[in-house]
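Protein sequences, first through last, are from chains A and B.
Just so we're aligned: 5 in the working numbering is position 5 of the first sequence, and the numbers increase by one with no gaps anywhere.
Just so we're aligned: 232 in the working numbering is position 232 of the second sequence, and the numbers increase by one with no gaps anywhere.
Keep in mind the hints are simulated off the structure, nothing from the lab.
Please note: incorrect hints may appear among the correct ones.
Here are a few chain A residues that sit away from chain B, every Cβ distance over 12 Å (derived from the structure) [said to hold, decoys possible]:
hint : residue
1    : A45
2    : L46
3    : G59
4    : G101
5    : E102
6    : Y126
7    : S131
Below, in silico cross-link-like pairs of lysine to any residue (SDA-like), each with a Cα-Cα straight-line distance of 20 Å or less [what the hints assert, rightly or not]:
hint : chain 1 : residue 1 : chain 2 : residue 2
8    : A       : K123      : B       : E233
9    : A       : K123      : A       : L86
10   : A       : K123      : B       : Y47
11   : A       : K115      : B       : I88
12   : A       : K57       : A       : R74
13   : B       : K224      : A       : R74
14   : A       : K115      : B       : K283
15   : A       : K123      : B       : R237
16   : B       : K283      : B       : Y47
17   : A       : K115      : A       : R61
18   : B       : K161      : B       : K224
19   : A       : K123      : B       : R232
20   : A       : K115      : A       : G129
21   : A       : K115      : A       : F5
22   : A       : K57       : B       : F277
Every value quoted in this text rests on a predicted model; they were computed, and no experiment measured them.
Using N, Cα and C, we set each Cβ at its ideal position, and we do this for glycine too.
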Amino acid sequence: MSFRFVEEAIDSAAARAQLLDPGAGGFVTFEGWVRDFNEGREVTALEYEAFQDLAVKEGERIVAEAAARYPVKRALCIHRVGRLALTDMAVWVGVSATHRGEAFAACRFIIDEVKHRVPIWKKEHYRNGDSGWVNCEACAAAPSHDHSTAHAHGHEPNAA
Amino acid sequence: MTTRSGSAAAPASAANPAPAAVPPVFGLVLAGGLSSRMQRDKATLLYRGKSQLERAFELAAAYLPEVYVSVRASQAADPSRLGYPLIIDSVPGEGPIVGIRSALATRPDVAWLVLACDLPFLSEAALSQLLAERDPAASATAFRSTHDGLPEPLCAIWEPKSAAELTAYQAADGRCPRKFLMRHGAKIIDPRDRRALDNVNTPDEYRDALRSFDSEVSAPMQLKIQYYALMREQAGRSDETLETGASTPADLYAELKARYGFTLSREQLKVAVNSEFASWSRKLAAGDSVVFIPPVAGG
Chain A
1 MSFRFVEEAI DSAAARAQLL DPGAGGFVTF EGWVRDFNEG REVTALEYEA
51 FQDLAVKEGE RIVAEAAARY PVKRALCIHR VGRLALTDMA VWVGVSATHR
101 GEAFAACRFI IDEVKHRVPI WKKEHYRNGD SGWVNCEACA AAPSHDHSTA
151 HAHGHEPNAA
Chain B
1 MTTRSGSAAA PASAANPAPA AVPPVFGLVL AGGLSSRMQR DKATLLYRGK
51 SQLERAFELA AAYLPEVYVS VRASQAADPS RLGYPLIIDS VPGEGPIVGI
101 RSALATRPDV AWLVLACDLP FLSEAALSQL LAERDPAASA TAFRSTHDGL
151 PEPLCAIWEP KSAAELTAYQ AADGRCPRKF LMRHGAKIID PRDRRALDNV
201 NTPDEYRDAL RSFDSEVSAP MQLKIQYYAL MREQAGRSDE TLETGASTPA
251 DLYAELKARY GFTLSREQLK VAVNSEFASW SRKLAAGDSV VFIPPVAGG
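Okay, chain B solo, but in the shape it has when bound:
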């Protein structure tokens, strides 16, 4: 018994509590927004052939043990969200606070690194800085915006203790997660990657983002798409003119499949550009007219 006598004299649980374990950080990509200024779903905007949702999810998954996608109940069956682990809004109300609160309610024992679905420049450097400078004792750890100096709530780590505070804030009609962070003792850090938080909310910003992405990415251009047969029915239209960053028919089909939930895989289709059969890797040019050709059945 001699080896244990030292600790037996003062039970750790009472006089000298061990520090609570630091909660792990999970990822939450917010894909429940209405994208009203963009006029199309920001989660499915394509950058280098990958949707914004895929990019944000993969970036978070590289750092965090579990990553979820936050959606409204009406989006749970949306084809662009299928296949991801979802956290469906479970508390009433609108806006990002609802998504954050729903995640905190689902797993009260973890902190959530929350990422908006409109940050195409978000980098590994930014995420690793945020994780390294996290303060688990604060309500949240967030970057200071390089534009207005205010905290950026949608690229931030929300600690479990913020759950009760957010509930109270929302009950008092609070809707702005940024104001919440300014009032509730969040740790605010200055981003070393100053471009990481540039967000993309409008078609113009999307165009600029694609342009500045790098020289490999073609500038967005207008394409004309016509739909026939099953694809016309699934798209709910027979043609459209579209601004897109897709530079090949393959990229374009990936973008449109995510948007409309086409059931046919690319391997089942052929593609025509300007009324002639074309290769999936052909470079598209502004004004091109594209038709995806499902399996034919003449005669």
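Bound-form chain A, shown alone:
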């Protein structure tokens, strides 16, 4: 399983151990952390929610695509859901490969695609008590500002 969700803190040491490979000369990770501001607003906590049935399929497709593009040994992505505090780790991506170049490239590819394609949503809680779903609420008033098609990556086999 190359993509999975957890509800507790991500165990990055255990995740790293899964990617050990005698043929790997390099290992690259990316960690996404909860930070205290976004688009000029002070953030105090984040809430992640996922449509897990589809998200796991789409996440595994992304890792498989990374492996097809770059000669990686092993790759894994773990995403946390639920309410997270500042500095908590929301996502972990790890790639082991023969050389560092493809490990960096594959890791970057996976996190970029996950952010754009996997049905995960993030609600920001702000210092002033407000909250909002990222990418959903600011743009609801201006439907022409369309995130979903701006980031289309051709994953809708049935779409016209």
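Chain B: place on chain A using the hints.
Just chain B, lined up with the frame of chain A:
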């Protein structure tokens, strides 16, 4: 002056009054009902991808210079009513008489062609017959029901003169517009389109109506819908099982957007059927599980 001498001899205003101008007819779609037997808002039921309210409004607008939607005050901000010219109930009481009286009070100089929001078979033929056989001297012009022979008050033209009579009727505890028409000199006509007034009040009747609509319309079916994130909050639930006539995700989203007032347009969403991305025009099948996917924000 010779050319005017004939009329000068007898002032028209006194001895021989000109007939009063016939008041124009405006449309009033009644969308203030409680839909208690249907257990969901009849105005938003979908037929061929269009809500009953849209269908009734467009049909009336094809014949009448102005059309309004009658709502209760509590519905004025309802997303399915927004965008229509509204007449909000302005007289106390309950039931369709309140909507009709409110329209007559808003424009005492016009007659109102009143349409209930549960007549999916209402046809152009029926409306043009009603307008052609209208009697402005009667309180109202109404069809005779093909089911029980009684007048049908909610597909009828209510003349300005009925306003005072309705006020008195309601003051005497009258609530039934049908009884009112039977007592107050309405003109009753037999509909040539005998199916036009078949109304839809219950889930069973809705199912039958969709079935008989025509072969293009798929029979209603049960779908499972799951809601996430912003849409879960706006729908006020995380899932539901729904009987619907929508045959594609696009139709289904139109129906649910009208019901829940989702702020996201369809263009901002993707859709998944049975946990896989799908096209908006995919044909849905009974038992399918549908998820609308708002803009994502992982990482």
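Consistency of the hints with the structure:
Interface exclusion of A/A45 from chain B stands, the closest Cβ pair being 15 Å apart, more than 12 Å. With a cut of 12 Å on Cβ distances, A/L46 falls inside the contact zone with chain B, its closest approach being about 10 Å. With a least CB separation of 9 Å from chain B, A/G59 falls inside the 12 Å interface cut-off, contrary to its annotation. For A/G101, the non-interface assignment is confirmed: its Cβ lies about 23 Å from the closest Cβ of chain B, beyond the 12 Å cut-off.
Non-interface status of A/E102 relative to chain B is upheld: no Cβ of that chain comes within 12 Å, the nearest being about 21 Å off. The claim that A/Y126 is not at the interface with chain B holds, since no C-beta of that chain comes within 12 Å of its own (minimum 15 Å). The claim that A/S131 is not at the interface with chain B is violated, since a C-beta of that chain comes within 12 Å of its own (minimum 10 Å). For the proposed pair A/K123 and B/E233, the alpha carbon gap of about 12 Å is at most 20 Å, so the pair holds.
Only pairs whose Cα atoms come within 20 Å are accepted, and A/K123 paired with A/L86 is accepted, the gap being roughly 13 Å. This hinted pair does not check out: A/K123 and B/Y47 have alpha carbons roughly 36 Å apart, beyond 20 Å. Taking the CA atoms of A/K115 and B/I88, the gap is near 46 Å; set against the 20 Å cutoff, the hint is violated. Proposed proximity of A/K57 and A/R74 is supported: the alpha carbons are some 18 Å apart, at most 20 Å.
Simply put, B/K224 and A/R74 have alpha-carbon atoms about 37 Å apart, too far for the 20 Å limit, and the pair is violated. Only pairs whose Cα atoms come within 20 Å are accepted, and A/K115 paired with B/K283 is rejected, the gap being roughly 29 Å. Only pairs whose Cα atoms come within 20 Å are accepted, and A/K123 paired with B/R237 is accepted, the gap being roughly 17 Å. A distance of roughly 16 Å separates the Cα atoms of B/K283 and B/Y47; the hinted pair therefore holds under the 20 Å criterion.
Note on A/K115 and A/R61: the hinted pairing holds, with a Cα-Cα distance of about 14 Å set against a maximum of 20 Å. The straight-line distance between the Cα atoms of B/K161 and B/K224 is roughly 51 Å, outside the 20 Å bound, and the hint therefore fails. At roughly 12 Å between alpha-carbon atoms, A/K123 and B/R232 fall within 20 Å of each other, so this suggested pair holds. Proposed proximity of A/K115 and A/G129 is contradicted: the alpha carbons are some 26 Å apart, above 20 Å.
Distance restraint check for A/K115 and A/F5: the Cα-Cα separation of roughly 14 Å lies within the 20 Å cut-off, and the hinted pair is therefore satisfied. Of the supplied pair hints, the one linking A/K57 and B/F277 holds, its CA atoms being roughly 10 Å apart against a limit of 20 Å.
The structure shown violates the earlier hints numbered 2, 3, 7, 10, 11, 13, 14, 18 and 20.
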